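Chain by chain, the residues:
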Amino acid sequence: MSARTIIDKIWDAHLVRAETADTPGILYIDLHLIHEVTTPQAFTELRERGLPVRRPDRVLATLDHSTPTLPPGPDGKRPYASADAENQVRQLEANCREFGIELNGWDSDHRGIVHVMGPEYGATQPGMTIVCGDSHTATHGAFGALAFGIGTTEVGHVLATQCLLQRKPKTFAIHVDGRLRPGVGAKDLILHVIGIIGVGGGTGHVLEYRGSAIEALSMEERMTVCNMSIEAGARAGLIAPDDTTFAFLEGRERAPKGADWNRAVTYWRSLASDPGAAYDSEVHIDAADIGPTITYGTHPGMVTPISAAIPAARDDQEAKALAYMRFTGGQALTGEAVDVVFVGSCTNSRLSDLREAADVLRGRRVADGVRMLVVPGSVLIKREAEAEGLDAVFTAAGAEWRDAGCSMCIGMNGDIARPGQLVVSTSNRNFEGRQGPGVRTVLASPRVAAVAAVAGRIADPDAFLEHAA
Amino acid sequence: MKPLTEVRSRTAALPFENIDTDRIIPARFLTTTQRAGLGRHAFNDWRYAADGGDNPEFPLNRPEAQGCAIVVAGRNFGCGSSREHAPWALLDYGIQAVISSEIADIFRSNALKNGLLAIVLPEAEHRELLDHPGQELVIDVAARTITLADGRAFAFALDGFARHCLLNGVDQLGFLLDAGAEIDAYEQRAQDTRYTVETAA
Ligand code: SF4
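Those protein sequence lines, which keep their order, are chains Z and P. All residue numbers for the first sequence refer to our numbering, where the first residue is 1 and numbers rise by one. All residue numbers for the second sequence refer to our numbering, where the first residue is 1 and numbers rise by one.
Derived from the structure by calculation, the hints contain no laboratory data. Worth double-checking, as some hints may not be accurate.
Stated by the list, open to error - From the structure, some residues in chain Z lie toward chain P, with a derived Cβ separation under 7 Å: (1) VAL16; (2) PRO40; (3) GLN41; (4) GLN91; (5) GLY149; (6) CYS163; (7) LEU165; (8) GLY200; (9) MET412; (10) PHE431; (11) GLY433; (12) PRO437.
The model shown is predicted, which means the values in this text are computed figures rather than measured ones. We treat Cβ as the ideally placed atom computed from N, Cα and C, and that holds for glycine.
Chain Z with its partners taken away, still in its complex shape (with noise of 0.2 Å):
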């Protein structure tokens, strides 16, 4: 067989059918992620047609959308942003029960971000096709997996039949080469890639990270880049499982155990791509390029190096998004005020990501007027960052430390800023509104959110920290 790339192997591994000229392939799914918000409707639909669910033991679910992060109250009660939210988390619990669906709800150790809790488990493994109704799903490709978000009728699909109707998509190589300067990290590169190649450039295509950079980064590294693939277009990325990858899964309660394991690490090694295999299309990036990089548009295709000035507006398209903004082409983004910092999303709300948040925080305080939310991505990196005292380095800093969730990535949970207010985050998206009616967003690391915080205004991380020293 010709040279096959890791997207080929696992799409040929996954064929209950091949496609045709007049219909779609039918690729059987082996993990299928399920949450409150885009389930309800696919659920209803298999009510009225009479319809099992094929495997419920291969669907987990989570609540983490539209959960509060704050405790319950005095009541009892969860103060949940509405009767809908609330309705929408208790429908969620209602179908898993009557499914025989496993929910990680209020009372597990794995609710969180349905991103964050399948790589905890270790439920997320290498060579698995992966879906979610969830666009994010793509984070699951740092294992080696092919995982990509789905609508609600494909979630109905999935819940049915195991299977989805497909085309197989295209291939697109990322080789990011070279080593990162110090203090720049996975979401500096993610957002310099998106800048290279546009909002619309993976649009058809999965993408596959590789070179001596991606190689080098750490698994929370890997899922915060492959996090973001979709926001380059692409509905999924990944990169070839190794060691790197085999030391994090190996006892995770999911994955596989004893002769299971070492038969599981043989064929997941089979799955890199072989050499010589051809892409469709194919960028080469050298990691050295790579600065601290932020947004300051209205997608996260409108990126810059923290410390270079806003780009002018090339077009009446850019134009408009910098007066939602309220910059200017040619002005310094660091200086600007900041009203609002997050740190959290499935993007950066992992274990690793709150260090290098508190590591700026420690023995600073959160200057005078800004708002600063931490929010851990599961239960467990809660309790696992309580253990190592980082809620008090944020408490102690100013900065609220809360419940796992989505929280302000969408707002869906009442974590909304007001309109006109900047904020400095961690999550994935800089849409109009994402964060609230007007709210003005501009995407980071947790370093230089962190930085932001402090500091009260956008800062140059290097150079703000070096002084501060």
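Fit chain P with the ligand to the known structure of chain Z by using the hints.
For chain P with the ligand alone, kept in the frame of chain Z given last:
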């Protein structure tokens, strides 16, 4: 899904690029557990003024856009989240077709499954329609053509299966359920030939 053979309407233009799903339906309206009734929140934060009345600046609020079922939008329409609430909201709002030079994958897949035509045209043809809104178009699903008022026709690509499903109102879940025996066989085969992992005890 009802069969869809043709859309005939004047066009309205949304000449903005990268119209994302948060623009189409803001996240705070996703707490619904129904499909119906989302039309009143389509383009919510764009369409309504601060006092709750119509925002006169929003292109689809203009008098000439009333009753238009075809929207011509700037490049990369529907980017962002996988929320199917976006096509549900547009359909409920009265839109039956969106034309752009680039449409995000998940949005397009969701749209077609709900009978909302998501049509990608080459740059020049897209530009012509975007620059000249208000003309009556006839979109013929079987022929995969858009006929302009002056009689010219623009061809567009539409996957044969999606076309078949639109024309016949075919429900794709039924198609998958019919493959049940093949899925059984695959589950057997995969267990033998590749490492598979059960996700729950
Ligand atoms: S954290 Fe944000 S991007 Fe991630 S799943 Fe939640 S809402 Fe979506």
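Structure-based check of all given hints:
no. : hint   : in the structure
1   : VAL16  : 4 Å, holds
2   : PRO40  : 4 Å, holds
3   : GLN41  : 5 Å, holds
4   : GLN91  : 5 Å, holds
5   : GLY149 : 4 Å, holds
6   : CYS163 : 6 Å, holds
7   : LEU165 : 6 Å, holds
8   : GLY200 : 4 Å, holds
9   : MET412 : 5 Å, holds
10  : PHE431 : 4 Å, holds
11  : GLY433 : 5 Å, holds
12  : PRO437 : 5 Å, holds
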